[in-house]
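Can you make the complete structure from the sequences, with help from the hints?
Each residue of the sequence shown is one higher than the last, beginning at 1 in this note's numbering.
Hints are not guaranteed to be accurate.
[To be verified] Restricting the straight-line Cα-Cα distance to at most 25 Å, the calculated cross-link-like pairs of lysine to aspartate or glutamate (DMTMM-like) are: (1) 181 <-> 93; (2) 268 <-> 258; (3) 234 <-> 280; (4) 234 <-> 299.
Rather than coming from a laboratory, the hints here were simulated on the basis of the structure.
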Amino acid sequence: MASDTPGRRDDRGDGSASARDSDLHDSTLHGDALHDDDTRNAGPARRTGRDGTPRDTTPRNGTSRTGTSRATGAQGAASPRHGGLGPDAADADLAIYRSRWRAAVRMVLQRVLFRALVRSQVSQTVIVADGVKRLTGAFVVVANHTSHLDAPLLAEGLPRRQARFVSTGVAYDYFFKDWYKRWFVRWMFNAFPIDRDGSRRNAGVSRRLLRYGVPIVVFPEGTRQMTGRIADFKPGAAALATGVGVPVVPAALIGGYEAMPKGRSWPKPGRPPVAVVFGEPLTADPDESVTEFTARIRDRVRDLYTTHHDRILGPAPEPGTAGDGTKARKR
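Next comes the structure, spelled out in structure tokens:
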């Protein structure tokens, strides 16, 4: 049963599953228009750079082919134990993302220290579908992008087993060039670098992480919302998930824009309400195109948002009323 109590977790469920390949992906992740620009198969093998960022070592056309029936439960989704995904000798530089002791430290940072900070500033609700709790191995969390609260809300909102190794993509040029920023995002979000300058320095990392069994977070709108409305989704997340053969977890963030809109560096006072809602895992139908799958994912995120919006934030004001940000017309 859904709970209106801030900080309480509410679980429900309704099933999932199926997958197919695609060698196109353009994952848009945490931050302002951050793109994993690997829109083709990964290039020549490269080792770790001086700054510790992973270099692509996946051979061309190295995509695994996996698939499950859509009627199959989420526990049958592709993972290191399903579909042939898992650690590879060529991906030794990714071991840091599945480090057990780092994961233990990160859980303390996220679920004790950072959670206390977040909940001192906002009133948080978490709703998780049953199918999410049954997932093993890698998956792609696809969410609307409301504010800088999104990454911590998603990371601490997932069940512990699914959140253990989850990794969020961040801008290489902003977060990975300065050691202290790199240290923060690596330890707090298990972050991996995303190129937004067209250099392809870190192209293919998201695909390799999924093949290594590391779940990732994707914000396919490409940037934080400017109006509070969900924008169009870029197809990279759907293409990436179907290409590797892992499920998509749709997630709706509610109240983040109202609590901390773009331009603010701290939430508004008064502990405004926010929520993260994780829906049942999705996989593409055998005859479903990447564009169609992208539309279905967006529709699901929007449905989750609409279904829970009024309970979290209250009814939306009618256009033209004083509460909608415009001046009501005098009669």
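Status of each hint after checking the structure:
1. A threshold of 25 Å between alpha carbons decides the hint, and for residue 181 with residue 93 the separation of about 20 Å falls inside it, so the pair holds.
2. A distance of roughly 8 Å separates the Cα atoms of residue 268 and residue 258; the hinted pair therefore holds under the 25 Å criterion.
3. For the proposed pair residue 234 and residue 280, the alpha carbon gap of about 21 Å is at most 25 Å, so the pair holds.
4. For the suggested pair residue 234 and residue 299, the alpha carbons sit about 13 Å apart, so the restraint of at most 25 Å is met.
Consistency with the previously given hints is maintained throughout, with no hint failing.
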